[in-house]
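Engineer: Residues per chain are reported as follows:
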Amino acid sequence: MLRPRALRTGCVDLGPRGCQRVPCAWCARVGDRASRTGRAGGAAAAAAAAMGASQTRPEHRHQDLADRTGFSLEQIKNLHKRFQQLSGDEDTISKENLESIPTLANNPIRKQIIGAFFDKRNQHRGEAGSCDQIGFEQFLMVMSHFRPPTLKMTAEEKEAMRREKLRFLFNMHDTDNDGTITLVEYRKVVEELLSKSGSIGQEAAEAIADAAMLEVASTNVPTMGPDDFYEGITFEHFEQILKGLEMESRMHIRFLDVDTTTMRCGKSTS
Amino acid sequence: MTSGTGPRGRPGAGRGLPERGLLLLLVLVLLEGSVVFPLGAASSPDVDPRGHSEDRAVAEESQNYSKKAFPVLSLDYHHIHVPFEIALWVLLASLMKLGFHLIPRLSSIVPESCLLIVVGLLVGGFIKLAGEKVPPVLDSQSFFLCLLPPIILDAGYFLPIRPFMENLGTILMFAVVGTLWNAFFVGGLLYAVCQIQPGNPSDLHNLELLPCLLFASIISAVDPVAVLAVFEEIHINELLHILVFGESLLNDAVTVVLYHLFEEYSGAGTVTILDGVLGVISFLVVALGGVLVGAIYGFLAAFTSRFTSHVRVIEPLFVFVYSYMAYLSAEMFHLSGIMALIACGAVMRPYVEANISHKSHTTIKYFLKMWSSVSETLIFIFLGVATVDGPHSWNWTFVTVTVLLCLVSRVIGVIGLTFVINKFRIVKLTTKDQFIVAYGGLRGAIAFSLGFLLEEKHFPMRDMFLTAIITVIFFTVFVQGMTIKPLVELLAVKKKQEAKRTINEEIHTQFLDHLLTGIEDICGHYGHHHWKDKLNRINKKYVKKCLIADERGREPQLIAFYHKMEMKQAIELVESGGGFKPPSALPSTVSMQNIQPKKPAAAKPVQRALPQLPKGREEEIRTILRSNLQRTRQRLRSYNRHTLVADPYEEGFSDFIIKKQKIIELEKKIIHMNNLTLPAAPPDSPTLCRARLASDPQAYRPKRDSVPTIQVDLASPQSPDSVNLMDEFRANGSRREEEEDQGLTMRPRGEDGRREQLTRCLSDPGPSADEDEDEPFLP
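Protein sequence lines, in the order shown, are assigned to chains A and B.
Letter by letter, the first sequence follows residues 1 to 270 of the UniProt record's numbering.
Letter by letter, the second sequence follows residues 1 to 779 of the UniProt record's numbering.
Heads up, a few of these hints could be off.
Some chain B residues well away from chain A (every beta-carbon gap over 12 Å; in silico) [unchecked claim]: (1) K68; (2) H361; (3) Y366.
Heads up, simulated DSSO-like pairs for lysine-lysine below, C-alpha to C-alpha not over 30 Å straight-line [to be verified]: (4) B:K432 with A:K152; (5) B:K534 with A:K81; (6) A:K158 with A:K111.
Cβ pair distances, simulated, as ranges [to be verified]: (7) A:S249 with B:H235: 16 to 26 Å; (8) A:D89 with B:I426: 28 to 38 Å; (9) B:K564 with A:R163: 24 to 34 Å; (10) B:Y542 with A:E206: 25 to 35 Å; (11) B:R425 with A:G70: 10 to 20 Å; (12) B:K128 with A:S249: 48 to 58 Å; (13) B:L102 with A:E231: 48 to 58 Å; (14) A:E236 with B:K568: 20 to 30 Å.
Just so you know, the hints here were simulated from the structure itself, not pulled from any lab data.
For clarity, every value in this text was computed on a predicted model and none was experimentally measured.
Here a beta-carbon is modelled for each residue, glycine too, at the ideal position from N, C-alpha and C.
Required output: the full structure, derived from the provided sequences and hints.
Structural biologist: As structure tokens, then:
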């Protein structure tokens, strides 16, 4: 509900050194400008002016990214900070970087999650396969699948968002990119999911995957002859079976939005 | 009781010494009786010892008189009148509940709560007409100590924890801030209205601010009983249900504190800032203390249930007793008893369920549902009776202003709070949601009982308060309760999905949880997924180890879900007469081999080798099979009666699963063969056959003479070339039968358990659809 963490991270950065000297580009520029011109101005106005000043600034790229991913500038800035922290101030990030996140170590589906970041299908470029390194833009693209829906969204937009989220999940399961989740692939998913629960998990995984597959088959193709073969879950079937989960409102995380801190920072400098 | 024994004591006055002694004894007995009385008014065990001692006293006394003829039949109504009347009330309530559902279409138009109140009004009227004194049925003592706890425990034990925790912020906002707002808005404006009454020199002017606030704090809390009664009938979606219902549960702490605060200070007349601060601290103590007390008892119950595996019969009792103790302990310190009960139920449930037997679980479920529904019924009837009985003092201004203010403040409160909440919520509340939340704010019997508790000498307006409270309750329950259903339809508010959870959904719920935790970790900030994950891990690592006895209870949720589903499927399999159904929600002809990448090689030769059966013959075989199954089922039923203590669910489980697998293997074969021969006789597809079996299982009577003699030839039937359909069918049937018999002689216990298990489930559709809310301890 409240976002103490958001405020805190902002304050830790801003705290001791004062607002003007924060490494955050927005505040720095606002500070400069304010001191140079001696004119009071909000952060937004200053930012807009700054953006016009230089084309090559990262902020301009951020604006561009914001338009494409739907994140706010603040969120992008935050994610960028995190990106640099993870990559060790490099331009790209590698699998090893992500694997070294300590909190991720306990996640049973860590491999799939990391894999999804390097999956080209999740980056809206119409390519398949995976890459070894991703830049910040790709990182954002993957993250954008986890944006929450807004109140203003129309029904079509919501539907599009749902499909996009489901597609992301589907791609996570469909490792060989043939458009279907086969039984083998599904078993793998369940196995991974239960990989932290020891031998009992491994034994049950197969049975569970089989049962789940049967369920998909019988939901979507109710009448099947004995010789028919259900190759795997297509995306349509995938949509069908997860209809009840309301992905559009569940598959999201809260992205830090230090909107308020930046504003306060801008005001205090003026 | 005391009044009944009173006249008997009088003739003893003015006797000799021995008589004096006797009299003393009698008085002592009476005293003892009257001391015991208030404590045990509702419970029958206390009646017996007193009865005995009276008898003894009477018997001793009668030795001094001339001997009378021994009364063959005597009437002593006073002896039993308290428990008898309680039983009568319960009977009346249950019969009424029964009656409503017999009248067609009535229950779909008018909510049950309204009907019950009307019944209460009628009963109260009858009692009054008969000239009897109306018993103080809804006095606060019995309401808070007997009628309320079952309802709250039922709500707490079956609380859908996941949506509750996900929306906790919103719920708390509504419950705490919303209730405070309501109380002060209503109280303040009510006071203002009372002051500006120019042409009314009546008592309203004397009404001070603090009693007004006290009244407002009583009337402003949404009532869980009323909300449950109405919302259960309209099947609203989970989010709205948990918002309104959660609010009604959690606002108890606010109400308790406000009530005690204003009651305390309305005597003194002044409130300082210090009092306000103390009030806030008191609120925190009441709320958190209640939760703490509940959680402690919850863990105690969970820990106790770890050791009950040898005494299964009293297992359910621990759940009830510990919860009740939690409630009483919280009430003892004036903490929020409701919150204690909720916390207790919610904390103990995951562990208790893992420990106790399946049967005990069903018992708990049924008992809770039974108690809560009887309590609810009684509360509404009593509300009606109390309305007829109560001393009323009708004041048009006061009552109308109260009703109006309640409505207005609720609407403003909800809209204002949602505006704030929506800034933080990710799934925003729409206007429709706000409307339902505002409209669902029903008031109920808790308000009435709190009003009843007020003392006449401190609050001369008590009668007027009570009248206004009753009016508001009636208004919300009748007007809002009756119109909310059509409004929900009209606004097309999303309804609850009735569909059972599928295994794919379960897999993906888990998958999503881990995925979101992972993404949060990558983002580098710890949102609620992160903490949830952390708590879940602690829970799994330490708490479950302490509180759950056997290994199976600790298995991951997904596997537990799968086992449960497997179990249910197996039960259905037996119930529907043996059709193999894969663990899935829908009936279909898809079987395992349709999805297996490698097809069984034997399929083709079998097809060639199979002779086509004439249709009539096939039908005959089916009848034979059915009757066999029917007989098995009947035998299973008769088992239910005796063995209650031994409930070898745990012992029988693995055994049972293996057996089920065997059956499934066989069934697969059957279906497979059936499918192969199917083109000749499409109407007899296994699906149809199954459907017929499932729809009318009673139609097939077991015919003794038609049951075939069992000849099991285990050596031959498996070879695909020599097999013939007839043999396979019979072999299948007989083998299954044989399994039963073998099991019966060789492993009586395990077999027993399985049967019992099955029969129990066969005859037990469950009290409601919430069988599957198996949420993890932490969402």
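Engineer: Could you see if the CB distance from E236 of chain A to K568 of chain B stays within 20 to 30 Å?
Structural biologist: Holds, at about 28 Å.
Engineer: Regarding K128 of chain B and S249 of chain A, is the given constraint of 48 to 58 Å on their beta-carbon distance met?
Structural biologist: The hint (48 to 58 Å, Cβ to Cβ) holds, given that K128 of chain B and S249 of chain A are roughly 54 Å apart.
Engineer: When you look at the beta carbon of Y366 of chain B, is every beta carbon of chain A farther off than 12 Å?
Structural biologist: Given a closest Cβ separation of 28 Å, the condition holds.
Engineer: For a C-alpha distance cap of 30 Å, please report whether K158 of chain A and K111 of chain A respect it.
Structural biologist: Roughly 29 Å between the alpha carbons, so the hint for K158 of chain A and K111 of chain A holds.
Engineer: Using the C-beta atoms of S249 of chain A and H235 of chain B, is the stated range 16 to 26 Å upheld?
Structural biologist: holds (20 Å)
Engineer: Take a quick look at K68 of chain B and tell me if its Cβ sits farther than 12 Å from every Cβ on chain A, holds or violated.
Structural biologist: K68 of chain B clear of chain A: closest Cβ-Cβ about 77 Å, beyond 12 Å.
Engineer: Just to be sure I understand the hint, the distance between the Cβ atoms of K564 of chain B and R163 of chain A should be within 24 to 34 Å; is that true here?
Structural biologist: For R163 of chain A against K564 of chain B, whose Cβ atoms are near 31 Å apart, the range 24 to 34 Å holds.
Engineer: If I claimed the Cβ atoms of Y542 of chain B and E206 of chain A lie 25 to 35 Å apart, would that claim hold in this structure?
Structural biologist: Holds, since Y542 of chain B and E206 of chain A (Cβ atoms, about 30 Å apart) stay within the stated range.
Engineer: Between R425 of chain B and G70 of chain A, is the Cβ distance one that fits in 10 to 20 Å?
Structural biologist: Since the Cβ atoms of R425 of chain B and G70 of chain A sit about 18 Å apart, the hinted range of 10 to 20 Å holds.
Engineer: Are D89 of chain A and I426 of chain B spaced within 28 to 38 Å by their CB atoms?
Structural biologist: About 32 Å separates the Cβ atoms of D89 of chain A and I426 of chain B, which means 28 to 38 Å holds.
Engineer: Take the C-beta atom of L102 of chain B and the C-beta atom of E231 of chain A, compute their distance, and say whether it sits inside 48 to 58 Å.
Structural biologist: Given range 48 to 58 Å: holds, Cβ gap about 53 Å.
Engineer: Hey, K534 of chain B versus K81 of chain A, does the alpha-carbon distance stay inside 30 Å?
Structural biologist: This hinted pair holds, its Cα atoms lying about 25 Å apart.
Figure legend: structure checked against the earlier numbered hints; every hint is met.
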